[in-house]
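Novice: Got chain S; can you put chain G on it based on the hints?
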Amino acid sequence: MNRRPNHLAGAGSLVWLLLVGFPLYVMIGATLRTRSDYARRGPLAFPEGFTLDNYTGALSTGFGQYFLNTVIVTACVVGLVVLLVPPLAYAIVRSRSRFASSAFRLFLLGLAIPAQAVIVPMFYLISEAGLYDNLLGVVLPTAAFCLPISALILSGAMRDIGGELYEAMAMDGASPRRMFFQLVLPLSKGGLSTVVVFSALQAWNGFLFPLVLTQSDSTKLITLGLYDFQTEHGIDIPGLLAAVVLSMVPVLLVYLFARRALVQGLMGVGGK
Amino acid sequence: MSAHIETQKQTRARSQERTRAQARALTRAGAKERGPRTEGGRPGAGRSGGRGASRRTREGHGTRVGRPGFLWAIPATLFFLLFAITPLIMVAGLSFTSWSGLGSPRFVGLDNWTRVFADPVMINSVWLSLLVTFLGVAIQTPLSVLLGVWAAGQQRNRAVLSAIYFIPLLLSTTAVSVLWRAVLDPNFGVPSRVTWLFGDGNLFGSQAGAIGVLAFVSTWQFTPFHTLIHQGAARAVPRVLYEAAEIDGAGRVRQFFHITLPQLRNSLITSTILMVVGGLTTFETVLILTQGGPGTDTTITAYYMYQKAFKGFDFGAGAAVALVLVVAATLVSLIVVRVSGYDRMRSEMEGVS
Numbered sequence: 001m002n003r004r005p006n007h008l009a010g011a012g013s014l015v016w017l018l019l020v021g022f023p024l025y026v027m028i029g030a031t032l033r034t035r036s037d038y039a040r041r042g043p044l045a046f047p048e049g050f051t052l053d054n055y056t057g058a059l060s061t062g063f064g065q066y067f068l069n070t071v072i073v074t075a076c077v078v079g080l081v082v083l084l085v086p087p088l089a090y091a092i093v094r095s096r097s098r099f100a101s102s103a104f105r106l107f108l109l110g111l112a113i114p115a116q117a118v119i120v121p122m123f124y125l126i127s128e129a130g131l132y133d134n135l136l137g138v139v140l141p142t143a144a145f146c147l148p149i150s151a152l153i154l155s156g157a158m159r160d161i162g163g164e165l166y167e168a169m170a171m172d173g174a175s176p177r178r179m180f181f182q183l184v185l186p187l188s189k190g191g192l193s194t195v196v197v198f199s200a201l202q203a204w205n206g207f208l209f210p211l212v213l214t215q216s217d218s219t220k221l222i223t224l225g226l227y228d229f230q231t232e233h234g235i236d237i238p239g240l241l242a243a244v245v246l247s248m249v250p251v252l253l254v255y256l257f258a259r260r261a262l263v264q265g266l267m268g269v270g271g272k
Numbered sequence: 001m002s003a004h005i006e007t008q009k010q011t012r013a014r015s016q017e018r019t020r021a022q023a024r025a026l027t028r029a030g031a032k033e034r035g036p037r038t039e040g041g042r043p044g045a046g047r048s049g050g051r052g053a054s055r056r057t058r059e060g061h062g063t064r065v066g067r068p069g070f071l072w073a074i075p076a077t078l079f080f081l082l083f084a085i086t087p088l089i090m091v092a093g094l095s096f097t098s099w100s101g102l103g104s105p106r107f108v109g110l111d112n113w114t115r116v117f118a119d120p121v122m123i124n125s126v127w128l129s130l131l132v133t134f135l136g137v138a139i140q141t142p143l144s145v146l147l148g149v150w151a152a153g154q155q156r157n158r159a160v161l162s163a164i165y166f167i168p169l170l171l172s173t174t175a176v177s178v179l180w181r182a183v184l185d186p187n188f189g190v191p192s193r194v195t196w197l198f199g200d201g202n203l204f205g206s207q208a209g210a211i212g213v214l215a216f217v218s219t220w221q222f223t224p225f226h227t228l229i230h231q232g233a234a235r236a237v238p239r240v241l242y243e244a245a246e247i248d249g250a251g252r253v254r255q256f257f258h259i260t261l262p263q264l265r266n267s268l269i270t271s272t273i274l275m276v277v278g279g280l281t282t283f284e285t286v287l288i289l290t291q292g293g294p295g296t297d298t299t300i301t302a303y304y305m306y307q308k309a310f311k312g313f314d315f316g317a318g319a320a321v322a323l324v325l326v327v328a329a330t331l332v333s334l335i336v337v338r339v340s341g342y343d344r345m346r347s348e349m350e351g352v353s
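Chains S and G, in that order, are what the protein sequence lines are. Under my numbering, the first residue of the first sequence is numbered 1, with each subsequent residue one higher. Under my numbering, the first residue of the second sequence is numbered 1, with each subsequent residue one higher.
Everything labelled a hint here was simulated from the structure, so no lab data went into it. Being a predicted model, the structure only gives us computed values, none of them experimental. Using N, Cα and C, we set each Cβ at its ideal position, and we do this for glycine too. Some hints could be false.
Unchecked claim - Label pairs and their computed distance ranges (CB to CB):
#, chain 1, residue 1, chain 2, residue 2, range
1, S, Leu52, G, Ala118, 51 to 59 Å
2, S, Arg41, G, Leu261, 24 to 32 Å
3, S, Ala39, G, Trp196, 34 to 42 Å
4, S, Lys189, G, Ala118, 51 to 59 Å
5, G, Phe313, S, Ser102, 36 to 44 Å
6, G, Val327, S, Ser102, 20 to 28 Å
7, S, Ser127, G, Arg156, 50 to 58 Å
8, G, Thr195, S, Phe50, 24 to 32 Å
9, S, Ala39, G, Ile164, 27 to 35 Å
10, S, Thr56, G, Leu334, 50 to 58 Å
To be verified - Taking lysine to any residue pairs in the SDA-like style, the calculated list, with each CA pair at most 20 Å apart, reads:
#, chain 1, residue 1, chain 2, residue 2
11, G, Lys311, S, Ala115
12, G, Lys311, S, Ala170
13, G, Lys311, G, Gly293
14, G, Lys311, S, Gln230
15, S, Lys189, S, Pro87
16, G, Lys311, G, Leu331
17, G, Lys311, G, Ser98
18, S, Lys189, S, Asp160
19, G, Lys311, S, Tyr132
20, S, Lys189, S, Asp228
21, G, Lys311, S, Tyr124
22, G, Lys311, G, Asp119
23, G, Lys311, S, Ser216
24, S, Lys189, S, Leu201
25, G, Lys311, S, Leu201
26, S, Lys189, S, Tyr124
27, G, Lys311, S, Val82
28, G, Lys311, S, Glu164
29, S, Lys189, S, Tyr255
30, G, Lys311, S, Glu232
31, G, Lys311, G, Leu334
32, S, Lys189, S, Phe257
33, G, Lys311, G, Pro120
34, G, Lys311, G, Ser100
35, G, Lys311, S, Thr231
36, G, Lys311, G, Ala138
37, G, Lys311, S, Leu83
38, S, Lys189, S, Ala115
The following block holds chain S by itself, in its conformation from the complex:
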């Protein structure tokens, strides 16, 4: 079509690149400098001597523990979602029962529920259940709020499985259960990995539920650790930003990994 390069769009995209990159540059630069250097020469200066003190400092103020807590919560949320969603999506796509289609409508409705709206009764429920200040009390609502979008993603992936495959399995006398394990699950792997990445991100980045449902240091999650660090040592900007970088690293690693898998998937489709 348009073989003429679009210079205006190119310029615009570079402006946006600067806007995205600028705070990231300031952040990385700040964490590699001492506090006094940062205060003296300002955020825009290029680091002169490199130091990792900010990172070790952040880790020694408890971020190791918060990191571990967040890993536990993330693993549990992903585990719950992976356990609950595939059977649900299978029923949504294949079941002829009225219940399955109303369930799907319920989850579609659930897409629009903001966590802020339910936080007060959630606090009540979790306290009543004796789960206040317990990591499980964070896991349960976080997982519940991952369900709607996960159900949508996975049922979308399962819908792409051709009817003739089910038919072929039925000829072999397969039960719905066997079809689920031998046909549906293997063929919806792509959708399932999206669901895993999505719910892991939600759990890792979650803030409101941990803010309201936990209070002690032993149950603190990393986002809450950042918030507390900011309110307590807001002046130590290099230290604070080092903590921010630490909280981002796993997410960026996963992104790198997931993107590569994506590219390989593309090449696989083209090559075979």
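Specialist: Frame of chain S, contents of chain G only:
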């Protein structure tokens, strides 16, 4: 002219297909773009999806294909009812009670409601929420449409840049807010060094400055998501339309306004609804960047709710405010759907569900 008419016809004919693509674009949001669909080899059959295929099965061969019963859907549904729908119903009940976080809630009738609506901070917070939401939509929509259409191109450099643009979305709102708070810090941040641009350097000192920061940080973080929605939609626009327009001598700008933009209608609606709901429930950015200040100048409704319930231990009032939020978000979404005529396309969406 003739090209224009054809465009409309084709648009209509393709609407079902596009609605599906739309739903995909949205549901795959977490996954970013996926590879070519594996069933791409059978375009016609693939469209009707599992349904058509299964119907053939029933009518064709004698084999009965076993289907899962409703039991398969029960665990997830129960879990969701318990941890999402129950609290949503309870929020209405709690708004008529007085509860300090200890003991049991006590019924007090409309007391919370009269108190909350007599509070000028609350009334002001509603306007502030609407303003922040409006700013979000007004800034992010044009940006994300342009970026999305740009990123939909197949050029290699666009793919690389898109991967970078996506980064803000991966970060937690907390990390993003803490980062920008540090970058814009009045004493140690960038504004204190670039006084020719920022004056006294204290962006958080005035209402306009603080609201500007909130709008800017939200834009920085959430534009990638809306870009992705539009990118998916722009990729689904048939190339024939552009080829036809090119033959008619339409330039790039006219192509954008007469083909791309109308074809992005569904993704515009989807992203607007998400922006509205997201804007009305903005909370973390306010908590971390401005603490509702200066004074109560950026105390928007979600933050007001948090203050009432979890700082003032007035959970009844907090529940009342939460209910206002739910109703407002639902109403605005409904209005957007109505005004845009999205609900008339429901029948086509049925095929999806």
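Novice: Take the hints in turn and mark each one as holding or not.
Specialist: Against the structure, the hints:
1. S:Leu52 x G:Ala118: 51 to 59 Å: Because 55 Å falls inside the window, the suggested range holds.
2. S:Arg41 x G:Leu261: 24 to 32 Å: violated (47 Å)
3. S:Ala39 x G:Trp196: 34 to 42 Å: violated (21 Å)
4. S:Lys189 x G:Ala118: 51 to 59 Å: holds (56 Å)
5. G:Phe313 x S:Ser102: 36 to 44 Å: At 38 Å between Cβs, range holds.
6. G:Val327 x S:Ser102: 20 to 28 Å: holds (24 Å)
7. S:Ser127 x G:Arg156: 50 to 58 Å: For Ser127 of chain S and Arg156 of chain G the Cβ distance comes to about 54 Å; the hint holds.
8. G:Thr195 x S:Phe50: 24 to 32 Å: holds (29 Å)
9. S:Ala39 x G:Ile164: 27 to 35 Å: At roughly 30 Å between Cβ atoms, Ile164 of chain G and Ala39 of chain S fall inside 27 to 35 Å, so the hint holds.
10. S:Thr56 x G:Leu334: 50 to 58 Å: At roughly 53 Å between Cβ atoms, Leu334 of chain G and Thr56 of chain S fall inside 50 to 58 Å, so the hint holds.
11. G:Lys311 x S:Ala115: The given pair, whose Cα atoms are some 18 Å apart, holds under the 20 Å limit.
12. G:Lys311 x S:Ala170: Between Lys311 of chain G and Ala170 of chain S the Cα gap is close to 60 Å, so the pair fails against 20 Å, i.e. violated.
13. G:Lys311 x G:Gly293: holds (16 Å)
14. G:Lys311 x S:Gln230: Judged against 20 Å, a Cα distance of about 18 Å means the pair holds.
15. S:Lys189 x S:Pro87: This hinted pair holds, its Cα atoms lying about 14 Å apart.
16. G:Lys311 x G:Leu331: violated (28 Å)
17. G:Lys311 x G:Ser98: holds (15 Å)
18. S:Lys189 x S:Asp160: holds (12 Å)
19. G:Lys311 x S:Tyr132: Cα-Cα ~17 Å, so holds.
20. S:Lys189 x S:Asp228: violated (39 Å)
21. G:Lys311 x S:Tyr124: Given that 20 Å is the threshold and the Cα spacing comes to 15 Å, the pair holds.
22. G:Lys311 x G:Asp119: Measuring from Cα to Cα gives roughly 16 Å; hence the hint holds.
23. G:Lys311 x S:Ser216: Answer holds: Lys311 of chain G to Ser216 of chain S is near 17 Å, not above 20 Å.
24. S:Lys189 x S:Leu201: Between Lys189 of chain S and Leu201 of chain S the Cα gap is close to 18 Å, so the pair holds against 20 Å.
25. G:Lys311 x S:Leu201: It is violated: about 28 Å lies between the C-alpha atoms, which goes past 20 Å.
26. S:Lys189 x S:Tyr124: violated (38 Å)
27. G:Lys311 x S:Val82: At roughly 36 Å apart (the allowed maximum being 20 Å), Val82 of chain S and Lys311 of chain G break the hint.
28. G:Lys311 x S:Glu164: Distance ~59 Å between Lys311 of chain G and Glu164 of chain S Cα, so the pair is violated.
29. S:Lys189 x S:Tyr255: Cα-Cα ~18 Å, so holds.
30. G:Lys311 x S:Glu232: holds (18 Å)
31. G:Lys311 x G:Leu334: violated (33 Å)
32. S:Lys189 x S:Phe257: Satisfied, since the Cα-Cα distance of roughly 16 Å is no more than 20 Å.
33. G:Lys311 x G:Pro120: holds (18 Å)
34. G:Lys311 x G:Ser100: holds (10 Å)
35. G:Lys311 x S:Thr231: This hinted pair holds, its Cα atoms lying about 16 Å apart.
36. G:Lys311 x G:Ala138: violated (33 Å)
37. G:Lys311 x S:Leu83: violated (37 Å)
38. S:Lys189 x S:Ala115: violated (29 Å)
Checked against the numbered hints above, the structure breaks hints 2, 3, 12, 16, 20, 25, 26, 27, 28, 31, 36, 37 and 38 and satisfies the rest.
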